[in-house]
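Asker: From just these sequences and the hints, can you work out the full model?
Sequence order for the protein chains is R and D. Quick note on my numbering: the first sequence kicks off at 888 and runs consecutively. Quick note on my numbering: the second sequence kicks off at 39 and runs consecutively.
Hint data in this document are derived by calculation from the structure and do not stem from the laboratory. Bear in mind that the values here come from a model prediction, so they are computed numbers and not experimental data. We put the CB at the ideal spot given by N, CA and C, even for glycine. Do not rely on the hints blindly, as some may be mistaken.
As the list claims (entries may be wrong) - If you anchor each label on the Cβ, the simulated ranges turn out as follows:
1. 969(R) - 351(D): 57 to 65 Å
2. 150(D) - 1090(R): 38 to 46 Å
3. 967(R) - 303(D): 49 to 57 Å
4. 226(D) - 967(R): 21 to 29 Å
5. 269(D) - 967(R): 41 to 49 Å
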Amino acid sequence: MMLERAGTRRTERPQHSRLEELRNAIATLHVKRDRLRIETVAVKNLKQKMDQGMPLEDHDYGDLLQLEKALLTSRHMKLKDLQSAHSLIAGYDLMECNQGKSVCVSLHTAFEGVYVETYNMEVDLTRTVQISRHNIPPYVPLEMIAKQTLQTDFKGFLQTLSLHLNALAGRKQQISLIMELGTVKVIERNQLCNFLILMCKAQEESETVLCTLEYGDLTRYLPTRVTIESENTTLVESQQWRKNRLLLLEFPVHCALLTMRKMGSIA
Amino acid sequence: MDGQAKTILQRIIRKIPNKKLEVTLKSWDRLSTEQLESLDCTQPKWLFLENLISRCGEKRLGLKAVTKLEMVYYIDNPNQGTWQAFQLMEAEDDAVSVSFTQFRERFKANLEEDFRHISIRMKKLEDGAIWIRIAWGDNFRKPNHLKPTYVVHYLQTPYVFFLNFMSKHKPFLYEALFRATRHTSIKEAHLSGRSLTALRDLVMRQYQQVFPTKDRTLKERNGTPLHPNIEKEHAEYAERRHQMACEAFGDGILPKLERAVYKLETRYRGNSSNTLNDKDELFRGVVKFSSSNLLQSFHHCVATGIVEGPVTPLLSSITQKGKNYFVITDKVPGATH
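Answerer: Pasting the structure below:
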């Protein structure tokens, strides 16, 4: 009987200390809860004062700084995330599809402030970055651009492709704008719109002049080489036509032709 | 007019329906207006042909003019026979800047080097297509105009389409194409069919493709008016199916394919204790889909719910990859090549 009672007293002691631990924990949590309650009330009061436009007292400023700091930090983090996502997709219209296994990119093209065409591309992201389908015309060197940058620099790839497509749209638009002029005839053109032969009538002697424009750089909508030919070689070498040649090199074709017409070079 | 020319003329006139005779002869641009007016297109064909031959005789039109007429006919009616698509590979740096004049000169020069007797006719159309008609001869025989090969190529793209292409002429034709377009190899595109326009639209992606977009403005067309409650529940479901069909096969007027062939080189996988299971050999089979308009049929199946989505990549590869012949092996769970 004595042994038993001794035994029970020994098991009671660990239980007793455990109880003490728990009681202490409760006390600490109570203190924390009370502190948080006071802080919440203070912030609420501060907010109320700010909403109602009442003057703030000295002790309010401490709380205000805390609040502002917290707000700023969270906003900063959110903006940082947005910025990294935006730079990752180079600012293009990207849409997730196929439960995240692929993305669909929309590339818009514009020339002189007018939207021209939109191209789409679906990129598979499962193992390597691969283009699964697209509606980009086959004369745009998509495979070559993809070979250079698709795996290593997605943003660079999109930017190069966009340059090509926008330049193509620009060259195409220029040709249709030339046809609107009426007096200049397009003799030869090709699908990439990088080779153009125009026939115009020189104003003074009604002689035909042939202008050949070659666009060596596919990312630009201005030509890299312009050749002027005519039966009348003196006309070609005249200062006026030398200026015209420079106009064709520096301005979009339809603008250059319009200027030439206004200056009286062509009909 | 010699016998060969007459045979060719007869063949063409027989094929053209009466209504189109006048238009075709006008675009031929070889007969004068009076002569054209004197011909009666409602006559039976054999009589019309006789009159036509005598008109041609008046103008001394011979084989050369008749071959032009044949080409005009094919250009206006490109969707007959069996066209095969090929793709040029390994372009040189200056492939992009080849002009039509350069192409024509190099192509002709190359073939005329190899063949003493050959007849080549070339025409460039508004849309950039170059049509080539080749009548093959050899060192001893004159060109056979009854079996010409037609080649259509779009400059600055790697695509070439052949009609009536004989294997013995392949190496020469390939070589001429390589020199003229500045490429160094060619491969079969595994796409063939009756309609040249369909093949072209598929490889050059000129049909209306549908991509997933944020704002789905596609609405179900031909919605039969039903009970409003059924419509309300049904609308979203139907729209989703329609979107799925359009993403897989396109929207609007689809390229007209007649068949798709899947050649199986896989192992038989079944769970019954068949003797087929034990064999290590490949289970060879061919699955063929035929239709007067295959893509339209597939689209309809998916859009109306006859076939459950999502669309298997085996079928959507037809439009995605622009092919209608696939070899399926075990390694890749889908179409190879």
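Asker: Hint by hint, note whether the structure agrees.
Answerer: Here is how each hint holds up against the structure:
In this structure the hint that residue 969(R) and residue 351(D) lie 57 to 65 Å apart at CB is violated, the actual value being about 34 Å. In this structure the supplied range 38 to 46 Å holds for residue 150(D) paired with residue 1090(R), their Cβ-Cβ distance being about 45 Å. About 53 Å separates the C-beta atoms of residue 967(R) and residue 303(D), a value consistent with the hinted range of 49 to 57 Å. For the hinted restraint 21 to 29 Å between residue 226(D) and residue 967(R), the CB-CB distance of approximately 52 Å leaves it violated.
In this structure, residue 269(D) and residue 967(R) meet the distance hint of 41 to 49 Å, their C-beta atoms being roughly 47 Å apart.
Violation of the numbered hints given earlier is confined to hints 1, 4; the remaining hints are satisfied by the structure.
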